[in-house]
Amino acid sequence: MIQDYSLGLLVAFAAMGVAFFAMMRETDGLHRLLLTDLIEVVSLAFIALIGTDLAEALILPGLVVGTSELIALSEIYRIKEGYTRPPDAGLQIEVMESAPGILAALLVVYGIVLSGFSGGVVAGLGVLFYFLCRGHNERFELIETASGYSWALWIIAFFIFMILPQYWFFAVMLSGSAILVKVMAKMSLIGTMRGGPNA
Amino acid sequence: MPDIGGDPLFVLEFGDILHYYTPYTITLFLLALIFTGLAIASRPERQIDIAFGGDAYYAKETTISEMRFRRFMAIACGLATMGAMGSGDIFNFTLFVSLVGIANIGIVAAVKSRHVLNAAYEYGIVAMVATLPLFGGAALVAATTGTLAISVLAGGGFAVPLVAKAFLALGVIGEGMAPFYAAKAEMFRAPGAPYVIMCSLSSLLIFLRVVEIVITI
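In the order they appear, the protein sequences are chains A and B.
Here the first sequence is numbered in my numbering, starting from 1 and rising by one per residue.
Here the second sequence is numbered in my numbering, starting from 1001 and rising by one per residue.
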């Protein structure tokens, strides 16, 4: 067990050396941003080497922090270099005109039946597909606000679990529906990446 | 327990995860609280550039939306700093520290000026790279001792490797803006004074706290 851990640690340190060496040699801004992602992966490997349930619980926040820093830096890079892309018409295929309505409705209904994280992903996939094919004119501040409020409800449900455990059923329902809305809203934003008036 | 912070004044337990305040950390916490209050209450500085060779000068205006964003980021930075001061769990501490790093990037990058954005980008790369020693240090502590609670580690009997301590300190140095960027005039002369001061203060406070943690565990 200890032997395995030492071996893994050795590999992680070697990967860290490679990543930092690459970082030192690289001078182009965009490539350095990509290399930082390599370093993030090594830090996740360090956490994963713990190899217990705790590691699973620690990887998630580590991953979230890394991803959010990557998104913030790419946005800074985009503004710094002045890159903008006008929205284009996208693919004009007949299937993309007729299918989205039916498929999105099916996926959203099934997602609501599932509820929770997995339901949010399924319903979000439906909405994503719809936005991707049909375009969008929604006000995304509203979607973001709904997502924020549902996240707060999810946290409230956890407090109910801790403080008033006898109302667990209410808390389960609250957290299940709140996380459904939150995941769906966040995922649907991916469908708007083609650009548009409010994106 | 070589407690440089004094006896705990207050302990809040959530199972394994706990928050506590010693006279040392409560001082740092109050400092962060006061500065967050100042960042909320104060209005952004209005810079004046004097044109050489004449009587003309330019007054730089900070737009309302930019001011609101930077104020929000300064408050987030203050809250993260306060969390880092009170946390009794090493991994929570590292998460709060990386949140301070993200908020600092936001405070600086809100200024839409090319040279400020360049400086913010370079700082952001360093902050991102620093998450490796930061999380790596916490993971090494957890893997070698089996616990992350500072109070348990302070009880003695654990051999925390020196590498883990060095990683923690290195990560905090990278996340905070102060040590590497104290002389970066592009960042600190960006318009909007009270928010930029929050960056320096938060990095100073997290550094003082990590010194306490490294000595205690």
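Think of the hints as simulated: they come from the structure by calculation, not from any bench.
Don't take each hint at face value.
[Stated by the list, open to error] Heads up, simulated DSSO-like pairs for lysine-lysine below, C-alpha to C-alpha not over 27 Å straight-line: (1) 1060(B) x 1112(B); (2) 80(A) x 186(A); (3) 80(A) x 1165(B); (4) 80(A) x 1112(B).
[Unchecked claim] Using C-beta positions, here's what the derived DEER-type ranges look like: (5) 1043(B) x 114(A): 25 to 33 Å; (6) 1065(B) x 164(A): 45 to 53 Å; (7) 164(A) x 1058(B): 41 to 49 Å; (8) 170(A) x 1033(B): 42 to 50 Å; (9) 1215(B) x 68(A): 50 to 58 Å; (10) 1065(B) x 84(A): 39 to 47 Å; (11) 17(A) x 1033(B): 20 to 28 Å; (12) 1065(B) x 60(A): 26 to 34 Å.
Since this is a predicted model, take the numbers as computed values, not measurements.
Ideal Cβ placement from N, Cα and C applies to all residues, glycine included.
Quick rundown of the hints versus the structure:
no. : hint                         : in the structure
1   : 1060(B) x 1112(B)            : 12 Å, holds
2   : 80(A) x 186(A)               : 26 Å, holds
3   : 80(A) x 1165(B)              : 36 Å, violated
4   : 80(A) x 1112(B)              : 8 Å, holds
5   : 1043(B) x 114(A): 25 to 33 Å : 50 Å, violated
6   : 1065(B) x 164(A): 45 to 53 Å : 41 Å, violated
7   : 164(A) x 1058(B): 41 to 49 Å : 59 Å, violated
8   : 170(A) x 1033(B): 42 to 50 Å : 35 Å, violated
9   : 1215(B) x 68(A): 50 to 58 Å  : 31 Å, violated
10  : 1065(B) x 84(A): 39 to 47 Å  : 19 Å, violated
11  : 17(A) x 1033(B): 20 to 28 Å  : 41 Å, violated
12  : 1065(B) x 60(A): 26 to 34 Å  : 33 Å, holds
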